[in-house]
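S.K.: Got chain A; can you put chains B and C on it based on the hints?
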Amino acid sequence: MTLNMLKAGRTATVKGIYSKDTERRRMVDLGILPGTLIENVMASPLGDPVAYRIRSAVIALRREQAELIEVEEEG
Amino acid sequence: MSHAETAIQCGSCASGCNTAHLAKLGIKTGNWDYVVALAGNPNTGKSTIFNALTGLNQHVGNWAGKTVTRAEGAFTLGGKKFKLVDLPGTYSLLSTSVDEEIARDFVLFGKPDVTVVVADATRLERNLNLVLQILEITDRAVVALNLIDEAGRNNIKVDERSLARDLGVPVVSMAARSGKGVDELLSAIEQVASGEIQARPHRIKYTDDILENAIDTLATQLHGQFEDLPNARWVALRLLEGDESIINAVQTATLGTVRAANVFPPLVQLEAR
Amino acid sequence: MTNSEAILDNAARLRGEVGGNLHDRLTEAIYSDAGAIAGRAVSAGEQTGNLEQKFDRILTSRLWGFPLMILLLTGVFWLTIAGANIPSAMLGELLQGTVYNALHGVAAALNAPWWLSGFWIDGVYLATAWVVSVMLPPMAIFFPLFTLLEDLGYLPRVAFNLDRLFKRAGAHGEQALTMMMGYGCNAAGVVSTRIIDSPRERMIAIVTNNFAICNGRWGTLILIGAIFVGATAPPFMASFIAATSVVAIAILGVIFTLLVSAFLSKTWLKGEASSFSLELPPYRPPQIWQTLYKSIIDRTLIVLKRAVIMAAPAGAVIWLISNINIGEASIATHLISFLNPFGLLIGLNGVILLAYIVAIPANEIVIPTILMLTLNLSKSGLAQTGVMSGIDDDMQIQEVLTGMGGWTLLTGINLLLFSLLHNPCSTTIWTIWQETRSLKWTTISTILPVVLGIAVCLLTAAAARLFF
Numbered sequence: 001m002t003l004n005m006l007k008a009g010r011t012a013t014v015k016g017i018y019s020k021d022t023e024r025r026r027m028v029d030l031g032i033l034p035g036t037l038i039e040n041v042m043a044s045p046l047g048d049p050v051a052y053r054i055r056s057a058v059i060a061l062r063r064e065q066a067e068l069i070e071v072e073e074e075g
Numbered sequence: 076m077s078h079a080e081t082a083i084q085c086g087s088c089a090s091g092c093n094t095a096h097l098a099k100l101g102i103k104t105g106n107w108d109y110v111v112a113l114a115g116n117p118n119t120g121k122s123t124i125f126n127a128l129t130g131l132n133q134h135v136g137n138w139a140g141k142t143v144t145r146a147e148g149a150f151t152l153g154g155k156k157f158k159l160v161d162l163p164g165t166y167s168l169l170s171t172s173v174d175e176e177i178a179r180d181f182v183l184f185g186k187p188d189v190t191v192v193v194a195d196a197t198r199l200e201r202n203l204n205l206v207l208q209i210l211e212i213t214d215r216a217v218v219a220l221n222l223i224d225e226a227g228r229n230n231i232k233v234d235e236r237s238l239a240r241d242l243g244v245p246v247v248s249m250a251a252r253s254g255k256g257v258d259e260l261l262s263a264i265e266q267v268a269s270g271e272i273q274a275r276p277h278r279i280k281y282t283d284d285i286l287e288n289a290i291d292t293l294a295t296q297l298h299g300q301f302e303d304l305p306n307a308r309w310v311a312l313r314l315l316e317g318d319e320s321i322i323n324a325v326q327t328a329t330l331g332t333v334r335a336a337n338v339f340p341p342l343v344q345l346e347a348r
Numbered sequence: 349m350t351n352s353e354a355i356l357d358n359a360a361r362l363r364g365e366v367g368g369n370l371h372d373r374l375t376e377a378i379y380s381d382a383g384a385i386a387g388r389a390v391s392a393g394e395q396t397g398n399l400e401q402k403f404d405r406i407l408t409s410r411l412w413g414f415p416l417m418i419l420l421l422t423g424v425f426w427l428t429i430a431g432a433n434i435p436s437a438m439l440g441e442l443l444q445g446t447v448y449n450a451l452h453g454v455a456a457a458l459n460a461p462w463w464l465s466g467f468w469i470d471g472v473y474l475a476t477a478w479v480v481s482v483m484l485p486p487m488a489i490f491f492p493l494f495t496l497l498e499d500l501g502y503l504p505r506v507a508f509n510l511d512r513l514f515k516r517a518g519a520h521g522e523q524a525l526t527m528m529m530g531y532g533c534n535a536a537g538v539v540s541t542r543i544i545d546s547p548r549e550r551m552i553a554i555v556t557n558n559f560a561i562c563n564g565r566w567g568t569l570i571l572i573g574a575i576f577v578g579a580t581a582p583p584f585m586a587s588f589i590a591a592t593s594v595v596a597i598a599i600l601g602v603i604f605t606l607l608v609s610a611f612l613s614k615t616w617l618k619g620e621a622s623s624f625s626l627e628l629p630p631y632r633p634p635q636i637w638q639t640l641y642k643s644i645i646d647r648t649l650i651v652l653k654r655a656v657i658m659a660a661p662a663g664a665v666i667w668l669i670s671n672i673n674i675g676e677a678s679i680a681t682h683l684i685s686f687l688n689p690f691g692l693l694i695g696l697n698g699v700i701l702l703a704y705i706v707a708i709p710a711n712e713i714v715i716p717t718i719l720m721l722t723l724n725l726s727k728s729g730l731a732q733t734g735v736m737s738g739i740d741d742d743m744q745i746q747e748v749l750t751g752m753g754g755w756t757l758l759t760g761i762n763l764l765l766f767s768l769l770h771n772p773c774s775t776t777i778w779t780i781w782q783e784t785r786s787l788k789w790t791t792i793s794t795i796l797p798v799v800l801g802i803a804v805c806l807l808t809a810a811a812a813r814l815f816f
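Residue numbers (this note's numbering), protein chains in the order written: chain A, 1 to 75; chain B, 76 to 348; chain C, 349 to 816.
The following block holds chain A by itself, in its conformation from the complex:
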């Protein structure tokens, strides 16, 4: 599934990043790499963006960015 489908409070492991070019570099620089753990911390009142915990930092990503990150949930 893609990251935007991860529910609040749940954690998943990144499987692949499908963004392109600068966007992709940005994601990778933030530490989103295959094997990284990502947790959905909280969503904005309007539903978008969603804040994710990535390697000890909380970073908000928009839906269209999260849609390009493939993850697999724990357990």
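There's no promise every hint is true.
[To be verified] Quick list of in silico lysine to any residue cross-link-like pairs, SDA-like style, CA-CA up to 25 Å:
#1 A:Lys15 with B:Lys232
#2 A:Lys20 with B:Ser320
#3 B:Lys232 with C:Asn398
#4 C:Lys614 with A:Ser19
[Said to hold, decoys possible] Ranges between beta-carbon positions, derived for each pair:
#5 B:Gly154 with C:Gly383: 38 to 44 Å
#6 C:Gln638 with A:Ala8: 33 to 39 Å
#7 B:Glu259 with C:Ala360: 44 to 50 Å
#8 B:Gly254 with C:Met585: 49 to 55 Å
#9 B:His298 with C:Phe403: 53 to 59 Å
#10 C:Gln638 with B:Glu259: 48 to 54 Å
#11 C:Leu787 with A:Tyr18: 41 to 47 Å
#12 C:Gln638 with B:Gly154: 25 to 31 Å
#13 C:Ala354 with B:Glu319: 18 to 24 Å
Calculated from the structure, these hints are not laboratory results.
Even glycine gets a Cβ: it sits at the ideal position worked out from N, Cα and C.
M.R.: Chains B and C alone, transformed into the frame defined by chain A:
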């Protein structure tokens, strides 16, 4: 709009002929013995440290040709004058934004005598990304491990000796908000600047043999061409990545020397204090 | 081939051998090392950060997120308004009372000619004094409060809450922050757009910043809201209705920000949305003293300095046009008559238009200028040449405006609207120029709000005439 004079007093200061590099980047070094760069992720209390080190002795302007704020300050230590340049807060140095470009270019081309990297003790793993990248570019660094009071509050302990051992550079625990660790930081800066401490910084190993060989080949070639290159391995990697600005620097043979003045016009000073 | 070219050739060849995805692999290596090093150095005990996280979730929840945010921000504004009242009055008494009288005393002692003392004391000094006494207290409260919120770490949550709206408008979530700064001062708001990386999105933030109602305009809104809108309600509701009208204008400002941003991003500033990422740092207890110092020196004093530089000449101009006669009447009178037809067409009048022209330097002096010009026009005994002090009472002001000036409810409402939708003050225009170095965009930022203002006022005036 005023332009800082680019009067260069080469040879009259301990940082030697780097004054030319720095002047072209817009930093007046006439009166200083050492130049210190202050880097770090955003939200690490970097500006608190900057203020703690420079007090009122600072002014704010722009990075040349860009609309990114820059703060410069000064302090005296052991009879020597230090100029402190605050770099934009960045997560990385891999040029996905203007801020990162500025920070990287300053550490690479400006060759400050010491680079202080501020890290947040509560989010160490993320902060180490930038620390490790900086250590790939320069040997002369100090890690300021800030916000240890926040870490304490959250039951997080950081072993600074283990960190120093792994990183190969001095690590100073600080809670800059309450002034803790400032003296130790100043001391570490002085020792690195004067050469008293010789760091053996951590270098990232790549498990890929083909990659390592490629890096070695290019690095050797680069050393041959540009003698005073800060870190040939790092440059080699950027070339392998296809980094435009580094390729350009090699092409125009400005790597290891100063960039053309029209790329880095002098500091645009907005408000002096 | 040169050595450099040899190196580059080699690099290109090796690039192929080394394989793709290099950036990924490098970053992975860095993070892997980082993880290992951190693993050895960090030991985390029982995590107590849950309280903060719960707090955070509430602040961004569907139910409470927006109400709490609006409450908090309204609180900041209310504190600013309420807190600034007394200091403003005190400063006013000092500068426009004591010092002003002393200056005139000195002038009299020196036997200075009326036009000299008039020009310098009633014109230049008085305008500057007014701006300082009206502007300084609210800014000295607003900016520290804002900076405290910033240090606390709350502001990224605001951008987080509002980002979706800004995304729909083709802009960046951080524009919410620059917009908020604009509520203190638009010049400061424009400077704060530096946090937006993408030049395109930054420009949108700059052009629309004027729709955030700066400190200098609140006074106008509150006064007119009270006198005209509040007065239409039964007495026990008057303050509430007045407050509502002010909030309504503020919300209208946000709506315009979003609409104009959307317009710009689809037309003149078309382009791709930049890569978005917003870090939500942990909450940190702010350093009160350092914040006070930083905000007062960094923001308040610097903006104040610019405003004073602008106000002095404005004062001179007001005095001159009121006291130099061409034929029978002063220049001011001529200008007002000239502007009146157009003014009435859009539901305002000549006095208001002239006041806005003269008050380009600082929004604070709009009301004083209006009062002064109105009095001057009616040749009332109350009107000292160019004097802007002395009228503090709401009732007096209402009498002057409706009785002597011929104002109606429509005039009041349209003034509220025009307050929101008119050109930025000259300090802001100058700042926009400094930040963008683009004549084209500085002009657009200046003209666009006025055009909108005239259009909106025209519509309301037409609607009023049609239905009432």
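S.K.: Now tell me if each hint is right for this structure.
M.R.: Each hint, compared with the structure:
no., hint, verdict
1, A:Lys15 with B:Lys232, "31 Å, violated"
2, A:Lys20 with B:Ser320, "20 Å, holds"
3, B:Lys232 with C:Asn398, "18 Å, holds"
4, C:Lys614 with A:Ser19, "24 Å, holds"
5, B:Gly154 with C:Gly383: 38 to 44 Å, "42 Å, holds"
6, C:Gln638 with A:Ala8: 33 to 39 Å, "36 Å, holds"
7, B:Glu259 with C:Ala360: 44 to 50 Å, "47 Å, holds"
8, B:Gly254 with C:Met585: 49 to 55 Å, "54 Å, holds"
9, B:His298 with C:Phe403: 53 to 59 Å, "54 Å, holds"
10, C:Gln638 with B:Glu259: 48 to 54 Å, "21 Å, violated"
11, C:Leu787 with A:Tyr18: 41 to 47 Å, "43 Å, holds"
12, C:Gln638 with B:Gly154: 25 to 31 Å, "29 Å, holds"
13, C:Ala354 with B:Glu319: 18 to 24 Å, "19 Å, holds"
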